[in-house]
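Engineer: The primary structure of each chain is shown beneath.
Number of protein chains: 2
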Amino acid sequence: MKLPVLVAAVTLVVSGAAHAQFQKPEDAVKYRQGAFTVLGAHFSRIGAMVQGRVPFDAKVAQDNAAIVATLSKLPWAGFTPDTEKIKSRTKPEAWMEMDKVRAGADKMMKAVADLEAATRTGNLDAVKKTFGEAAATCKACHDAYRE
Amino acid sequence: MKLPVLVAAVTLVVSGAAHAQFQKPEDAVKYRQGAFTVLGAHFSRIGAMVQGRVPFDAKVAQDNAAIVATLSKLPWAGFTPDTEKIKSRTKPEAWMEMDKVRAGADKMMKAVADLEAATRTGNLDAVKKTFGEAAATCKACHDAYRE
Chain A
2 MKLPVLVAAV TLVVSGAAHA QFQKPEDAVK YRQGAFTVLG AHFSRIGAMV QGRVPFDAKV
62 AQDNAAIVAT LSKLPWAGFT PDTEKIKSRT KPEAWMEMDK VRAGADKMMK AVADLEAATR
122 TGNLDAVKKT FGEAAATCKA CHDAYRE
Chain B
2 MKLPVLVAAV TLVVSGAAHA QFQKPEDAVK YRQGAFTVLG AHFSRIGAMV QGRVPFDAKV
62 AQDNAAIVAT LSKLPWAGFT PDTEKIKSRT KPEAWMEMDK VRAGADKMMK AVADLEAATR
122 TGNLDAVKKT FGEAAATCKA CHDAYRE
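Those sequence lines, one after another, are chains A and B. Residue 2 is where the first sequence starts when you use the working numbering, and the numbers rise one by one after that. Residue 2 is where the second sequence starts when you use the working numbering, and the numbers rise one by one after that.
Just so you know, these hints were derived from the structure itself, not from any lab. Check before you lean on any hint, since a few could be wrong.
Where chains are identical, the list cannot tell them apart; a pair therefore holds if satisfied intra-copy or between any two copies.
Derived lysine-lysine pairs resembling DSSO-like cross-links, with alpha carbons at most 30 Å apart [as the list claims (entries may be wrong)]: (1) K92 - K108; (2) K92 - K60; (3) K129 - K25; (4) K92 - K140; (5) K60 - K86; (6) K25 - K130; (7) K130 - K88; (8) K25 - K60; (9) K92 - K111.
Bound-form chain A, shown alone:
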């Protein structure tokens, strides 16, 4: 099998699987919103330490970062084409620029992985730096694609 054919076949399988993951489009919306909610809650707990509202506890930061890293990979599967017409905070622009959304998601996952690595060092300065970089990737997409 030549490479373009293989890529096409793999893409078909992956999107087929993604599609089959949700029984109806409303489930996909609920899923991605749920994933973002849980992600945001645990990201905020690291934020509270970074901003000094809560004393820094390396173990707590690490536990939360591990949850954030797991969750960061999930919501994207919920942006199935059949959810475009369902009311949510996703702006129409997101559907027109899904390649940019995906690029933003990749940046976010990378930044969150860096944050998780920083929490494992137990160094607050490293956590602050990578938290700020991760937060910037959230904000970029929210500004462009979220009502």
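Starting from the known structure of chain A, arrange chain B on it as the hints suggest.
Structural biologist: Below, chain B without anything else, positioned relative to chain A:
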């Protein structure tokens, strides 16, 4: 410090931390509902393989079970006392029997850990058995405490 005093102190710290995790009770409800939604979606993907609706793929089962195991630990923090009066599918009985809810949650987390271990063996029969046991722990609580 004697044991009962120590336990009381630890409980205070833990519930204090849990309370501070959410800015308002609505956030706690949204958080626990989001966690259950994501948990359920990934549990169902293992279910589809167990029931033969989707071909068994050990790697996919393992990936989903790892997400389920992470998520299984989360929703309980969202059952804060100040959410009792907020409309949700949680029955009043849950608040009157929170010790039983917690015992049910412990059983579920244990069953999900067993399921994850089974997916790592790649043995479909072991996955089927532990999936059924985990599903039973979900159902027990849903029947008793969910509208």
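Engineer: Compare the structure with each hint and give your call.
Structural biologist: How the hints compare with the structure:
{"no.": "1", "hint": "K92 - K108", "in the structure": "within (20 Å within a copy, 41 Å between copies)"}
{"no.": "2", "hint": "K92 - K60", "in the structure": "neither (37 Å within a copy, 35 Å between copies)"}
{"no.": "3", "hint": "K129 - K25", "in the structure": "between (40 Å within a copy, 26 Å between copies)"}
{"no.": "4", "hint": "K92 - K140", "in the structure": "within (14 Å within a copy, 37 Å between copies)"}
{"no.": "5", "hint": "K60 - K86", "in the structure": "neither (42 Å within a copy, 33 Å between copies)"}
{"no.": "6", "hint": "K25 - K130", "in the structure": "between (40 Å within a copy, 28 Å between copies)"}
{"no.": "7", "hint": "K130 - K88", "in the structure": "neither (36 Å within a copy, 40 Å between copies)"}
{"no.": "8", "hint": "K25 - K60", "in the structure": "between (39 Å within a copy, 25 Å between copies)"}
{"no.": "9", "hint": "K92 - K111", "in the structure": "within (24 Å within a copy, 41 Å between copies)"}
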